Amino acid sequence: MTPVRLIGRFALSLMGRIGALTLFVMRGLFGLRPFYPRVFLVQLVQIGWLSLPVVGLTALFTGAALALQIHSGGARFQAGDVVPAIVAIGMVRELGPVLGGLMVAARVASSIAAEIGTMKVTEQIDALVTLSTDPMRWLVTPRLWAAIVTVPCLVAVGDIVGIMGGWLIGTGSLGFNSTTYLSNSWAYLEYWDVVSGLIKGAFFGLIVAASGCWWGMKSGRGAEGVGRATKSAVVAAAIGILAANFVLTGLFFT
Amino acid sequence: MIEVRGLCKEFGPKRVLSGIDLTVRQGESLCILGQSGTGKSVLLRCMLGLESPDSGEILWNGRPLGEDRGMFLGGFGMLFQGAALFDSLPVWKNVAFKLMQRMPAAKARGIAIDKLARVGLSADTADLMPAELSGGMAKRVGLARAIADDPEVIFFDEPTTGLDPIRARRINQLIHDIVQETGATAITITHDMETVRKVARRVLLLQDGAVAWSGLVGDMDAAPQMSEFLGKTGL
Chain X
1 MTPVRLIGRF ALSLMGRIGA LTLFVMRGLF GLRPFYPRVF LVQLVQIGWL
51 SLPVVGLTAL FTGAALALQI HSGGARFQAG DVVPAIVAIG MVRELGPVLG
101 GLMVAARVAS SIAAEIGTMK VTEQIDALVT LSTDPMRWLV TPRLWAAIVT
151 VPCLVAVGDI VGIMGGWLIG TGSLGFNSTT YLSNSWAYLE YWDVVSGLIK
201 GAFFGLIVAA SGCWWGMKSG RGAEGVGRAT KSAVVAAAIG ILAANFVLTG
251 LFFT
Chain S
1 MIEVRGLCKE FGPKRVLSGI DLTVRQGESL CILGQSGTGK SVLLRCMLGL
51 ESPDSGEILW NGRPLGEDRG MFLGGFGMLF QGAALFDSLP VWKNVAFKLM
101 QRMPAAKARG IAIDKLARVG LSADTADLMP AELSGGMAKR VGLARAIADD
151 PEVIFFDEPT TGLDPIRARR INQLIHDIVQ ETGATAITIT HDMETVRKVA
201 RRVLLLQDGA VAWSGLVGDM DAAPQMSEFL GKTGL
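Which chain is which? The protein sequence lines are X and S, in order. Okay, so the first sequence: first residue is 1 according to full-length UniProt numbering, each after it adds one. Okay, so the second sequence: first residue is 1 according to full-length UniProt numbering, each after it adds one.
Bound-form chain X, shown alone:
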């Protein structure tokens, strides 16, 4: 087979997959009837509430490390005082959504893919169909919407915890006054900084849940198939988040 044919076959296959994934997400998002509120609430807890510790800890250490980095780097050109503003802007615009999204991807995309994959392998998805229940409505729609709702909330919490991480280091070891640090953090933050981060969070939530559901539904047979689906879900979600972050940042700030 010639290289041109290989490239052509790859491109066609890629376009086919993107099209199938897009249709899958559209069906999951907009086929709301019947809606299962109890399943949705369970997913709010699973995706949102139970991800709080991991997202909070990630934000805390990132905010603290960022404060140390900015202080030591800024000192080279007598700009050590910008620590509060840079930590706040960096966390809210970029690190909060991206690191929060990646942590949720690691925790949630894997768990969704493993759960749905196992259900597929053990015929539970077939059982849903025979019980007159559409697996898309029961499994996919609640997870997609729960992730879209909860990941921005996690990002908001991560932003606050990250800024507090910087504040802890700033006041504890870098010699900042507590009130000055906090007022400087707020003074340089703009409304759009916060909103853009939350919008990113909603997109990242969609990417995480869609990836988990898609790969779970496509899972192969046996433990190996489920393992491969789980791995693919996490990798796809992580790459999707980074790529979407680049695109959204370009849209929001250029």
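No lab work stands behind these hints, which were simulated from the structure alone. None of these values were measured; they are calculated from a predicted model. Think of the CB as a built atom: it goes at the ideal place given N, C-alpha and C, for glycine as much as any other residue. Please note: incorrect hints may appear among the correct ones.
What the hints assert, rightly or not - Listing some non-contacts, in silico: residues in chain S with all C-beta distances to chain X over 10 Å:
hint: 1; residue: T23
hint: 2; residue: I111
hint: 3; residue: D124
Said to hold, decoys possible - Covered stretches of chain S, as calculated for chain X (at least 3 residues, CB under 8 Å):
hint: 4; segment: 46-58
hint: 5; segment: 69-77
hint: 6; segment: 81-87
hint: 7; segment: 94-107
To be verified - Chain S is faced by these chain X residues, among others (derived, beta-carbon under 7 Å):
hint: 8; residue: E123
hint: 9; residue: Q124
hint: 10; residue: A127
hint: 11; residue: L131
hint: 12; residue: S132
hint: 13; residue: T179
hint: 14; residue: T180
hint: 15; residue: D193
Following the hints, complete the assembly by docking chain S onto the known chain X.
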């Protein structure tokens, strides 16, 4: 009455079903026999609408299966080979899953407990999670779920696979009794001759995706195709 006409199904280059014709009358119990890989499960999945046939049609009371899938599935019950219970739901919610779509949870729970009692499980089982059940109990819960909505047609996929002979005998007896009591049409996929003799009125033998023999259970010992199958399975 279920009619299957000229059903064909291929997976890639492999032809799994080649022109299957069969008729199951109302209230009849049919066992579909065959060695592994002969297309039994694919035939069952096509009848349930879980696979789309490449050609041919499936009719229930004269209406094509694809016409209103939701309505057809409303009249079907299914016992899966591995029971296929939902891990995240307690036993009673598994049994009442379909019922809860149209009645209050308390009423559905009552019916679920009645159905559990019908398959020999106590009310204490209702709040257990599927992971806490033995293989035989899981099969019974799957059976209770299959009959929960009083279906007109019940499908059984390898109902005794993975069970010891005593539990297998109990499941066969339960299936026999339930089919007799409810008057439901029963279609059972199996390669267990004990199940066939206990449950079936009619037998259909599949070989290489085609019907090799079909007849009454009393005639199968005399059929050369069947004796070959019985010989191969060592019975």
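Quiz item: Do three or more residues of the segment 94-107 of chain S come closer than 8 Å to chain X, measuring C-beta to C-beta?
Solution: Holds: 3 residues of the segment 94-107 of chain S have a Cβ under 8 Å from chain X.
Quiz item: Can we keep the E123 of chain X interface hint, with Cβ of chain S closer than 7 Å?
Solution: holds (4 Å)
Exercise. Could you let me know if the closest chain X CB is still more than 10 Å away from the CB of I111 of chain S?
Key: holds (14 Å)
Quiz item: Should the interface hint for T180 of chain X be scored as holding, given a Cβ-Cβ cut-off of 7 Å against chain S?
Solution: Not OK, violated: T180 of chain X not within 7 Å of chain S, min 51 Å.
Quiz item: Can the segment 81-87 of chain S be counted as covered by chain X under the rule of three residues or more with Cβ-Cβ separation shorter than 8 Å?
Solution: holds (count 6)
Exercise. Please verify that hint: A127 of chain X, Cβ, nearest Cβ of chain S, below 7 Å or not.
Key: It holds, given that the least Cβ distance between A127 of chain X and chain S is near 4 Å, below 7 Å.
Practice problem: Classify the hint on L131 of chain X as holds or violated, based on whether any CB of chain S lies nearer than 7 Å to its CB. | Solution: holds (5 Å)
Exercise. Go through the hint on S132 of chain X and say holds or violated, using the shortest Cβ distance to chain S against 7 Å.
Key: S132 of chain X check passes; min Cβ-Cβ to chain S is 5 Å, inside 7 Å.
Self-check item: Consistency of the no-contact label for T23 of chain S, given chain X and a CB cut of 10 Å
Solution: holds (22 Å)
Quiz prompt | Distal placement of D124 of chain S relative to chain X, Cβ over 10 Å | solution = holds (24 Å)
Practice problem: Hold the hint about T179 of chain X up to the distance rule: shortest CB distance to chain S must be less than 7 Å. | Solution: Because about 49 Å separates T179 of chain X from the closest Cβ in chain S, which is outside the 7 Å limit, the hint is violated.
Quiz prompt | 8 Å C-beta criterion, at least three residues: is the segment 69-77 of chain S covered by chain X | solution = holds (count 5)
Hint check: violations occur at hints 13, 14, 15; the rest are consistent with the structure.
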